[in-house]
Structure formats: C-alpha cells, structure tokens
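Dock chain B against the given chain A, drawing on the hints supplied.
Sequence lines, in order, name chains A and B. Every letter in the first sequence is one number past the one before it in the working numbering, and letter 53, counting from 1, is 53. Remember, the working numbering sits 96 above the position in the second sequence when you count from 1.
These are calculated hints, taken from the structure and not from any lab test. You may find that some hints are simply not true.
As the list claims (entries may be wrong) - Straight-line C-alpha distance at most 16 Å; calculated EDC-like pairs for lysine to aspartate or glutamate:
id, chain 1, residue 1, chain 2, residue 2
1, A, K67, B, D109
2, A, K9, A, D91
3, B, K112, B, E259
4, B, K112, A, D91
5, B, K112, B, E206
As the list claims (entries may be wrong) - Facing chain B, according to a computed beta carbon distance under 8 Å, are these residues of chain A, among others:
id, residue
6, Y13
7, E27
8, I40
9, I70
10, I73
11, V74
12, T85
13, L89
To be verified - Label-pair restraints from in silico Cβ distances:
id, chain 1, residue 1, chain 2, residue 2, range
14, B, G180, A, V43, 45 to 55 Å
15, B, V187, A, P94, 43 to 53 Å
16, A, H34, B, L106, 47 to 57 Å
17, A, F65, B, G180, 16 to 26 Å
18, A, V36, B, G128, 45 to 55 Å
19, B, F232, A, H34, 30 to 40 Å
20, A, F65, B, Q212, 27 to 37 Å
21, B, P258, A, F47, 33 to 43 Å
Note that this is a predicted model, so its numbers are computed, not measured. C-beta: ideal position from N, C-alpha, C; glycine also.
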Amino acid sequence: MSEAEAVHKPVNYGAVFWSLLILTICEIITANLHMVAKPIIVVALVFLAIVKASLVALFYMHLKFEKFIIYFIVIFPLFLAVTLTVMVLADKAPKI
Amino acid sequence: MEHNTHVGRLGIDTRKLGMWIFLASEIMFFTGLIGSYIVLRFANLNSWPVPSTILNIPLTGVNTFILICSSATLVLGLASIQRGYQEGLQVGLFLTILLGSLFLSIQVHEYRNLIQDGFTISHSIFGSCFFTLTGFHGAHVFVGVVWLIVVLIRSFMGFFTPEEYAGVEIVGLYWHFVDLVWIILFTILYLV
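So that you can see chain A by itself, here it is in the shape it has in the complex:
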C-alpha cells in the first residue's frame, strides 16, 4: 500500500455507523406509515436506501478518498445499472 493512498483525513466511523442505524430505523417507520400514499413511501424508502448505500461506499469503502480512476471504474457500471433500472421501470410501471 503506498503512503499516498493511505493518507487521508481520519473518518469518524462512529458517526457513519449511527447514521446508518438511524436511517434503518427511519426506513422501517416509513414502511409502516399507512396514512401516506404508497408512491410517496416508495420514493422515500428508495431515497433512504441510496443515502445509506452512499455512506457505506464513501466512508467505509473509502471511495471519498480514492483517485479518479476508481471513481470511473465504479461510475461506469453504476450508470449502466441506473439506466437499466430506469428504462425497465419506465417500460413496466403501471401508468398513473
């Protein structure tokens, strides 16, 4: 491991852990909100999942401190993944 790779600002892993825990509790509460319209709940749950996944990738996987080439390796398949999901959703989701 090169010195350049190892040196980055110290990460507050405790804050990331508590954030993930609180967001998981928020997800479970949101899923059980019966007075709110289902599409709003789905959007909120997907948003919470994306925030949690981003926290894991940025801080636990240290993506925040990586070089551009690593971002490129991740963003390219992620772009394809999002494109595939959005196109499938657009094609298959029932019309409102």
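Using the frame of chain A, we list chain B on its own:
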C-alpha cells in the same frame, strides 16, 4: 520505506484496483437480478403479496443492524492495523466473522420458518425472486466469512503491518459491498 511492488503506473495498488473492477462486475450482476425482479413484479402486480404479510420484517431489521455492525467492526480493524495495533485488527476481524455468521444463521432460521409455512422458491413468483436475490446475497456473505477467516489466520501469522495491510483493505471492500447490496435488497424486497 520499502518500495511497494504492487503499485502500478496508475499509482494505485493493483490488488485494490482488481477488487474494484471485480466489484464493478458485481454491480452489473446484482443489477441484472434486480432488473428481473422489477419486470416480474410489475407484470404480476395484482397477485404480488404485501411483503410484511409473509416476511418477518422486525427479524430482518435486526439482521440488517447486524450487517451494519459487522461493517463497522471491520473498518475499525482496518483503522487499527493502519496505526500498527495488531490486537485491534484481530478483534475487529473476529467480531466481523462472528456478526457475519450470526447474519447467516438468522437467514437460515428465516428460510426454515418460511419453508415450514409453505413459502418456497416454487410457491410464487415473489417466492422465486425472494429466494434468488437473498440466496445469492447469502452466498456472497458466506464467501466473505470464509475469506475473513483466512485473513484472521494471516493476521495471527503477522502478515499485516502499518505499511502492508492490502489484504485487510481488499476483503473490507468486498464485505462493505455485500453490506451495500443488502441495504438495497432489504428496501426493495422487504419494505417496498
């Protein structure tokens, strides 16, 4: 400092670069499964059950908490070896193995209960999607636990130092990715 022969022309450890490329392929693998799930779900909207009527959400919520904890213990183990604290690495790896095994045990317990209630992989399209997605994820967790055991043994043999800890970092990347995938699966399979 000893010259690191693993750093390539891009200035990145080639082992870490290889793991990121592997994870990129894993993104596409799970996207394929999730894409199929979306197609099947929207094609069977009327017969699709409310997940909470079949699945044990509180138990899986606890399991999600366990996996999040395991990521935290592993990253603290990595931070320990970066500071030269061998015991911290070993405790971190041991706790991660323990939590990963606990996650798998709870998943097996969940599967057993569901199958006893008649909810199997051939029960419905939801059953097929559920067992395929969680099964592939569980297989990844199993591989991760085995890999972590190997890394723990290597740590007892003194393989890792504050200058050379790529083995820990790479298994960490894999493990956190598995955690990240679970975050998505928990939302789309159990909550939505």
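Does the structure break any of the earlier hints, and which numbers would those be? Of the numbered hints, 2, 4, 5, 8, 18, 20 do not hold.
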